[in-house]
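Residue numbers (the numbering used here), protein chains in the order written: chain A, 1 to 251; chain B, 252 to 474.
Certain hints may be false.
Derived list of chain A stretches under chain B, where covered just means 3 residues or more per stretch with a C-beta under 8 Å from a C-beta of chain B [said to hold, decoys possible]:
#: 1; stretch: 128-142
#: 2; stretch: 164-173
#: 3; stretch: 177-183
Derived, one-sided and incomplete: chain A residues facing chain B with beta-carbon distance under 7 Å [as the list claims (entries may be wrong)]:
#: 4; residue: 145
#: 5; residue: 147
#: 6; residue: 148
#: 7; residue: 152
#: 8; residue: 158
For the record, the hints were derived by calculation from the structure and aren't laboratory data.
All C-beta atoms in this analysis are idealised placements derived from N, C-alpha and C, irrespective of residue type, glycine included.
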Amino acid sequence: MNWTWFHKLGSPKWFYEISGRWLPWLVGAAALLLTVGILWALAFAPADYQQGNSFRIIYIHVPAAFLAQSIYMMLAVAGVVGLVWKIKLADVALQQAAPIGAWMCALALITGAIWGKPTWGAWWVWDARLTAMLILLFLYIGIIALGQAISNRESAARACAVLAIVGVVNIPIIKYSVEWWNTLHQPATFKLTEKPAMPVEMWLPLLVLVLGFYCFFAAVLLMRMRLELLKREARSSWVQAEIKALVGKGI
Amino acid sequence: MSSIFILLVQREARLLCRRPAELINPLVFFSLVMMLFPLAVGPESRLLQTLSPGLIWVAALLAVLLSLDGLFRSDFEDGSLEQWAVSPCSLPWLALAKVLAHWLFSGLPLVLLAPLLGLMLGLPAENLPTLLLSLLLGTPVLSLLGAIGAALTVGLKRGGLLLALLILPLYIPVLIFGSGALQAALQGFSATGHLLWLASLSLLAITLAPFAIAAGLRIGLAE
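Extracted from the complex, chain A is given alone in its bound form:
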């Protein structure tokens, strides 16, 4: 199989070009999936017999939580690629994806709290999953802070890569220890029900929204990476030409 296109993605100019072709499709797919998903979830999915309509926040909470975890995995993979193969675009991807992941994590925590108040009566409980998600948020903030603190761009990227890899190795340990800690100290008043087997009418919109969120993430990441590449390669001729073209279009 011809892998030239894959290797081309490592060059800023080609990446800019190729991502420019994918971006409209991704934005369109994200807009479509998110709109369809939200309408379906809010208006057409049946209400939960126990929680009534308040369960609908799951349609934002679950995709955000999935994304928060996947983006961290992506950060670690980008870190490995950047450290081992020294591909600068992997460094760019890592530093641009980290804030998106942090926001997704925060969104998951906030929507979870909003969900928790009517269902459990408390804004926050020290449940295993919530605590693990909070720790993940701090791991994200650490990567962002380290990237900002080191002034040399190469060193900053490499340091973030090392931190992401150390974090990813620790995540299973953290998850296991927090789950175990929680079962040991299970508060007697709550029993957090495991996700019940959802009927098709409920999880189909969820699937649509998860896909929509992933497309949204991909679109936003590509946009951020393209902007960063324009900044980094500002003195090269292809960027000058690109900016002239964009200015010419009146953007």
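Please build the complex by placing chain B on the supplied structure of chain A, with the hints as guidance.
Chain B in isolation, oriented as in the chain A frame:
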């Protein structure tokens, strides 16, 4: 290779012992933080006894973290870190020697001081061996993880708070198992499971952390 290791540990030991006042700092910090808790939550002894595993562990964790801040900074500034990086000896090995020396002089005294402070919080005397063992197995992990953070922030002028931000999430499993061991012992259950977990985390850290520390040091040197 092992002779270089021993030489480096001896060098670090000599350097650390030249300023004994600095060795006392983590111990004083540990004691001060422990003193703050009864002042904050009230002197009721049952409450303090229930909280004592967590309080001792959080105070020990913070003391270790703060003592690690400048671990590599003086070597970075006078150029010996560069010599280590270009020497034929493997940098992970040398980093491990440095962390070992630091732990022997900063971590171990904390472990030895902890029973006294535990008694002050009302920890029963029969739980002191568990306290000692949990800290003995846990502080190496804390030192090694903290050294990773110290290596990543070695070039930064004021890396102390950033170091804490980076490393505290990674400390959480050690905290859970360490204070869990003590809580189990306090309630009369066996702490063996927790202690075995701490031992396995220690071994994992001793084998893997030096590579991360070396990577962090090279990044700092490359600037």
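Tested hints:
no.: 1; hint: 128-142; result: holds (count 5)
no.: 2; hint: 164-173; result: holds (count 6)
no.: 3; hint: 177-183; result: holds (count 4)
no.: 4; hint: 145; result: holds (6 Å)
no.: 5; hint: 147; result: violated (11 Å)
no.: 6; hint: 148; result: violated (9 Å)
no.: 7; hint: 152; result: holds (5 Å)
no.: 8; hint: 158; result: holds (5 Å)
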